[in-house]
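Read top to bottom, the protein sequences are chains V and C. So the number in this note's numbering is just where the residue sits in the first sequence, counting from 1, plus 1. So the number in this note's numbering is just where the residue sits in the second sequence, counting from 1, plus 532.
One or more of the hints may lead you astray.
The calculated lysine-lysine pairs, modelled on BS3-like cross-linking and capped at a C-alpha distance of 30 angstroms, are [as the list claims (entries may be wrong)]:
(1) Lys-559/C - Lys-89/V
(2) Lys-16/V - Lys-718/C
(3) Lys-89/V - Lys-16/V
(4) Lys-16/V - Lys-5/V
(5) Lys-5/V - Lys-89/V
Hints are computed from structural coordinates only; laboratory data are not their basis.
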Amino acid sequence: MTIKPYVTSFVLQWKIGLRYRLAVLAGLVAQMWFGAISLMAYAAVYHHAPGVDAPMTLRQAMTYTWIQQSLFTLLPLGCLPAIGEAAKSGAIVYDLLRPVDLWNWWLSASLARLLGNAIPRAVLLAAVAGPLAALVGLNGWSLAPPASLWAAILALCSFILGAFISASIVMWWNIVTARTLSPLGTYAVGTPLAVLLSGMLLPLPLYPDWARELLLFQPFAGISDIPIRLYMGMAIPGGVLTALGIQCFWLAALTLVGRFWMHRTISRMEVQGA
Amino acid sequence: MKNAAAIEVHDLRKTYQVRDGGSWRGKTREITALDGISFTVPAGEIAGFIGPNGAGKSTAIKILAGILRPTSGTVRVGNLIPWENRLAHVARIGVVFGQRTQLWWDLSVGEGLALLRDIYSVEPARFLRNRERLADALDLHGIMDQSVRQLSLGQRMRAEIAAALIHDPDVIILDEPTIGLDAPSKLAVRAFVRDLRRERGTTVLLTTHDMHDIEALADRVIVIGHGRILADSPFEALQATTLSERILEADFTGPLPDLLLPEGATETARGSRSVTITFDPQRLPAPVLVAHLSTLPGLGDLRIGRPAIEEIITRFYADHAS
Ligand SMILES: Nc1ncnc2c1ncn2[C@@H]1O[C@H](COP(=O)(O)OP(=O)(O)O)[C@@H](O)[C@H]1O
Ligand SMILES: [Mg+2]
Numbered sequence: 002m003t004i005k006p007y008v009t010s011f012v013l014q015w016k017i018g019l020r021y022r023l024a025v026l027a028g029l030v031a032q033m034w035f036g037a038i039s040l041m042a043y044a045a046v047y048h049h050a051p052g053v054d055a056p057m058t059l060r061q062a063m064t065y066t067w068i069q070q071s072l073f074t075l076l077p078l079g080c081l082p083a084i085g086e087a088a089k090s091g092a093i094v095y096d097l098l099r100p101v102d103l104w105n106w107w108l109s110a111s112l113a114r115l116l117g118n119a120i121p122r123a124v125l126l127a128a129v130a131g132p133l134a135a136l137v138g139l140n141g142w143s144l145a146p147p148a149s150l151w152a153a154i155l156a157l158c159s160f161i162l163g164a165f166i167s168a169s170i171v172m173w174w175n176i177v178t179a180r181t182l183s184p185l186g187t188y189a190v191g192t193p194l195a196v197l198l199s200g201m202l203l204p205l206p207l208y209p210d211w212a213r214e215l216l217l218f219q220p221f222a223g224i225s226d227i228p229i230r231l232y233m234g235m236a237i238p239g240g241v242l243t244a245l246g247i248q249c250f251w252l253a254a255l256t257l258v259g260r261f262w263m264h265r266t267i268s269r270m271e272v273q274g275a
Numbered sequence: 533m534k535n536a537a538a539i540e541v542h543d544l545r546k547t548y549q550v551r552d553g554g555s556w557r558g559k560t561r562e563i564t565a566l567d568g569i570s571f572t573v574p575a576g577e578i579a580g581f582i583g584p585n586g587a588g589k590s591t592a593i594k595i596l597a598g599i600l601r602p603t604s605g606t607v608r609v610g611n612l613i614p615w616e617n618r619l620a621h622v623a624r625i626g627v628v629f630g631q632r633t634q635l636w637w638d639l640s641v642g643e644g645l646a647l648l649r650d651i652y653s654v655e656p657a658r659f660l661r662n663r664e665r666l667a668d669a670l671d672l673h674g675i676m677d678q679s680v681r682q683l684s685l686g687q688r689m690r691a692e693i694a695a696a697l698i699h700d701p702d703v704i705i706l707d708e709p710t711i712g713l714d715a716p717s718k719l720a721v722r723a724f725v726r727d728l729r730r731e732r733g734t735t736v737l738l739t740t741h742d743m744h745d746i747e748a749l750a751d752r753v754i755v756i757g758h759g760r761i762l763a764d765s766p767f768e769a770l771q772a773t774t775l776s777e778r779i780l781e782a783d784f785t786g787p788l789p790d791l792l793l794p795e796g797a798t799e800t801a802r803g804s805r806s807v808t809i810t811f812d813p814q815r816l817p818a819p820v821l822v823a824h825l826s827t828l829p830g831l832g833d834l835r836i837g838r839p840a841i842e843e844i845i846t847r848f849y850a851d852h853a854s
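Hey, can you work out the whole structure from these sequences and the hints?
The following block contains the structure:
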């Protein structure tokens, strides 16, 4: 067993992601736009209800929003497009003809696709919303630096775990696609689910009390919400260990159950014909 | 390195369960795609699988490739049971499904081959040698840097064949590899498969709809229909009998004259101004038949061809009626 094919697959998918530079720029503009609108909404709410004891300060809500927007393409919005195409054309049988571990094979491609899309945007958006915004005097609206060096280190580990969690959820969408031979269902379900549960639409810390803790314990919170809280040094119920523990738990659970499900799916394809 | 019998198939059966209407509520129905087939292909032989649509060729090919489990029966490819040792098995075979693409749409041909190099752990020196050889033989040098999405069907098929062979498989399995190809690409593919067998002793099993593929390549022809083997014979034997038959179509400028066909020719269809004649060139050489027809009044045009695979199979049913 060698990891070479998975690394090569990762590198190639990464390159494909980078090929779509125009899409990166277009996405960036859309993300800036949504980010700005959210910020104005928050500013309005916070200024009209100064007495309310909000779980986040306005400054934190703004930083949270900028990072969420810059990581939009890290979300598991649906299956890997290449697998969707292969399922529709029937070329998916070739994936069974490769002497590779299919889970790792698809996972490396899915992860590369997510990162290849997300990292260039994140870097650009961080530059625009951080130092550049500060330079033009929009200090109050800009992306704040990490709370401390320690917070930065924790957030980095957490972001890496988050990327793996997202890729593992994409793996579940990939399996659904292989079973239904169509990628459409995964986008129809995956996109709203991911946007809502990740905190992209409304930051998870701003939900009502009863929902807030529940929302922390679902897998989508591990993608960007938990890393962002660590970045900002926000208090998390149970502390840092709980935060990373939730992420590790979901990564392990998604992988173990997902692998089992994939095994079942392959057996079914072998019996019914793909 | 070679096993005495590369492919051994015994009493292979496959029944698909399908739901009527495709919904989960429909009643299940069984489709018997393979109804007990047995055959052996020795190492280094090229065997051609022919039969009409729905005969079960692709089903047999998928079982041999290790991606489909049979309902019963045994298969050994170089002493491995494909669906039980799938990973070990697929590492040694090369497969082309004519209507599906194994190369990656978003990658260039060269990138795809490099990815396959890592998947099959091909050593770098051997990879470069194989890539060069395949690019020469299949005329790929001009399209190595082109993305697969932009290739024409013929170019893509040639790249597909290279992709299936980059790891020097011992056995190659081709399901309709020439379907939809232009004439030069068909010739290139055939020549390449022939050379491969000669130089490396590769065992080849191919299905096709094109009798020219069979003629150019196959040592053995296995005729399959309704999931059963109707004939399994050396190409020469088949050629001497069924495949030798020719069809002549003649158009007349006026009403059909009295044909008075010589021995060895039979009239099989008739229009108001045209007639179809089936003949056996061994008994009645084509020039003799043409000379005879030329004496008839009002002959306009003549075409000679071979019967379609479907007709050959129909004939087999008639001959082997059970
Ligand atoms: N995945 C499948 N599910 C149900 N029926 C199938 C499936 N694949 C093939 N069949 C049926 O099995 C029979 C044999 O098909 P196939 O092996 O594709 O034949 P061929 O390749 O000779 O055209 C056909 O009746 C076909 O409809
Ligand atoms: Mg077929």
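### Task
Against the structure, test the hints numbered earlier, and report the numbers of the ones violated in rising order.
Of the numbered hints, just 2 does not hold.
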